[in-house]
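Q: Modelling step: build the complete structure from the supplied sequences, incorporating the hints.
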Amino acid sequence: MTNDAPPAGRADAPTPGGVDIVAVGRIGKAHGIRGDMFVEPWTDAVDERFADGVVLVTDPADRGPLTIESSRMHSGKLVVHFRGVDSRSAAEDLRGTSLVIRTADRPPIEDEDEFYDTELIGLRAELPDGQVLGPVTDVLHSTADSLLVIAYEHREVLVPFRKQFVPVVDLAATRVVVDPPAGLFEL
256 MTNDAPPAGR ADAPTPGGVD IVAVGRIGKA HGIRGDMFVE PWTDAVDERF ADGVVLVTDP
316 ADRGPLTIES SRMHSGKLVV HFRGVDSRSA AEDLRGTSLV IRTADRPPIE DEDEFYDTEL
376 IGLRAELPDG QVLGPVTDVL HSTADSLLVI AYEHREVLVP FRKQFVPVVD LAATRVVVDP
436 PAGLFEL
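If you're matching positions, the sequence shown starts at 256 in the working numbering and goes up one per residue.
By construction, these hints were calculated from the structure, which means they are not laboratory data. Even glycine gets a Cβ: it sits at the ideal position worked out from N, Cα and C. Be aware that a few hints might be false.
Restraint ranges, calculated between C-beta atoms of paired labels, are given here [claimed, not checked]: (1) 345 with 427: 45 to 55 Å; (2) 418 with 330: 11 to 21 Å; (3) 425 with 350: 20 to 30 Å; (4) 428 with 342: 46 to 56 Å.
A: Below, the structure written as structure tokens:
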């Protein structure tokens with residue numbers, strides 16, 4: 256599975272009003288006095304999304320767009336300098352800003368078993384016999400596995416996103432078939 260997505264617990268769903276955008280990162284605190292800032296990347300494609308010259312739209316919109324002048328790793332964290340942001344105070348003014356792209360600007364995924372998180376969120380989860388469980392509300396990522404979060408009978412159920420438990424992802428029919436381990440959907 257590939258993703259341009261925020262960390263676990265934050266859905267990269269399209270924004271309200273039907274504008275299909277997805278967050279690829281969030282600006283953190285300033286680094287130094289010349290306008291550099293830490294950016295928390297929410298994408299598998301860090302080198303592509305944060306390359307020199309890339310223009311990113313912001314949320315809130317009045318803080319951008321921002322053009323990346325340079326980026327580098329520092330102690331395992333991404334440090335970005337945006338064109339025209341040349342002081343610590345200017346960098347701090349951008350803190351908390353989300354960096355977004357249009358979903359249409361993401362490259363197509365060539366592997367039929369990989370999906371963007373936004374493609375999965377909102378799909379109807381059902382059992383192999385067609386019984387509807389509920390919608391996929393989030394996708395959580397850990398070092399061990401990705402998990403689909405399914406709203407089921409007033410609670411959330413986490414299903415490992417593996418072929419043996421989710422044998423069918425049908426984007427055209429807006430559904431996933433879940434073949435859960437015994438007892439997963441029981442109280």
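Q: Work down the list of hints and note, for each, if the structure agrees.
A: Status of the hints after comparison with the structure:
1. Judged by the Cβ atoms, the range 45 to 55 Å given for residue 345 and residue 427 holds: they are separated by roughly 46 Å.
2. Taking 11 to 21 Å as the suggested C-beta distance range, the pair residue 418 and residue 330 does not conform, at roughly 37 Å.
3. For the pair residue 425 and residue 350, the supplied restraint of 20 to 30 Å is violated, since their beta-carbon distance comes to about 41 Å.
4. Range check, residue 428 to residue 342: Cβ separation about 52 Å, and the 46 to 56 Å hint holds.
Going through the hint list in order, the structure does not satisfy hints 2, 3.
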